[in-house]
Amino acid sequence: MDIKALRYFVATARTGSVTQAAARLNVAQPALSRQIAKLERQLGTRLLQRTARGVALTEAGERLMARAEPILESLERARTEVEAWDSEPSGPVSVALMPAVGSLVAPDLVRQLRQRHPKIALKVTEGLSAFIGEGVLQGDFDLALVHADQEMPALAAVPLLDEPMFLIGPGTVASSARPMTLDELAGYPLLLPSPSNPLRRMIDKLAAEHGIALDIRETIDSTSAIKGLVLAGLGFTVQCYSYVHEEVRRGDLSIRNLEAGALKRNWTLVHRNGSPLRPAVAAVGAVMEGIAASLAETHRWHPPAT
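In case it helps, the numbering used here puts the sequence shown at residues -13 to 292.
Since the hints were made in silico from the structure, they are not lab data.
Check each hint, because a few of them may be wrong.
[Unchecked claim] The calculated label-pair distances, taken between Cβ atoms and stated as ranges, are: (1) K109 - M138: 19 to 25 Å; (2) S19 - P262: 36 to 42 Å; (3) E195 - P93: 36 to 42 Å; (4) R0 - D94: 37 to 43 Å.
Here a beta-carbon is modelled for each residue, glycine too, at the ideal position from N, C-alpha and C.
Sequences and hints are given; from them, build the entire structure.
Listed below in C-alpha cells is the structure:
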C-alpha cells in the first residue's frame, strides 16, 4: 500500500473535500484524485463517494480510516524521533499530574525545563489517575505521574517513591503526632473519591481486611472540592501532606498520622508501552525522576513535627 496515497486519502476524508485536501497538501487536485483512485484499485473497493457537500467515506473507507490514521501518526513520530535524535530536545511534551502533587511538582518541573531544555514546549494537565491513565493510552499525554495500585500492562511504569497518607481535618481540630488506628478512623465522617479511585480502593481494601466499616458521608471526585469541604468543617479526608502543607502551616487544616502503614501513595511515572520515547519526552521524564529523587531525600511531604 502506497504511503503517499494513504496520506492523500486521510486528508480527503478529514476535510470531506478533494479541493480542500489538495490545497492543504499543496498538490494539484487531479494528482490527489489519481492517488486515491490508485488506492481503491489496489484494495478492490470504493473508499469515498461523492455527496452534495463533497465526499464521504464508504463503509470500507471508514474501516481503512480507523487504521490509516494511527499508521501515519506512528510514521510521523518515527521521522521526528530520528531527525531530532542527535539534536537538543525540542518540541511539544504533554504531562499529566495527580492533583495532589501538581502544586509540588509543576514549579520545579517548569523551572528546570526552562533552564535545561528551553526548546521544549511543555503542557501540564491535572486529573485523577483513571482519567490520566486513559489519556496516556489514547495518546493525549506523553508522560503522567499517577498512583499505580494495580497492573497496567499497556503502560510502561517507573516507580519513583512512596508518600505516606494522613487524616486531614479542619483547623479547629488540633493536629497530633500520635498515630491513629483504623478503629479510630472509623469514627470520623469521611469525604472520599469514588470506589474506582486508586486511593479509595486502597482505603476500602484495608478496611475490609480489618473488618472495619468506615463512615463515608459523601463521594466526591475532586480533590480541590474535598479540600474545600474539609476547610468548611464538613468532614475529614485521607490525603498526602504535600497537598495540604500550606493550609496546615497556616492552621486552616489539621493533620493526624495514621497507624496503618499500608496507607501510602506511590508516585509512578508512566508512558504508553511499545515505542521509544522522543528525546524531548525522555528529557522531561528524566527531570521528573530527578524531582522525585530530591523529594525522597528531603522528605518534603512530612509535616515538620513528624
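For each hint, the structure was consulted:
Remark: the range hint 19 to 25 Å for K109 to M138 is upheld by a beta-carbon distance near 22 Å. At roughly 37 Å, the beta-carbon separation of S19 and P262 lies within the given 36 to 42 Å, and the hint holds. In this structure the supplied range 36 to 42 Å holds for E195 paired with P93, their Cβ-Cβ distance being about 38 Å. Range check, R0 to D94: Cβ separation about 39 Å, and the 37 to 43 Å hint holds.
Hint check: no violations occur; every hint is consistent with the structure.
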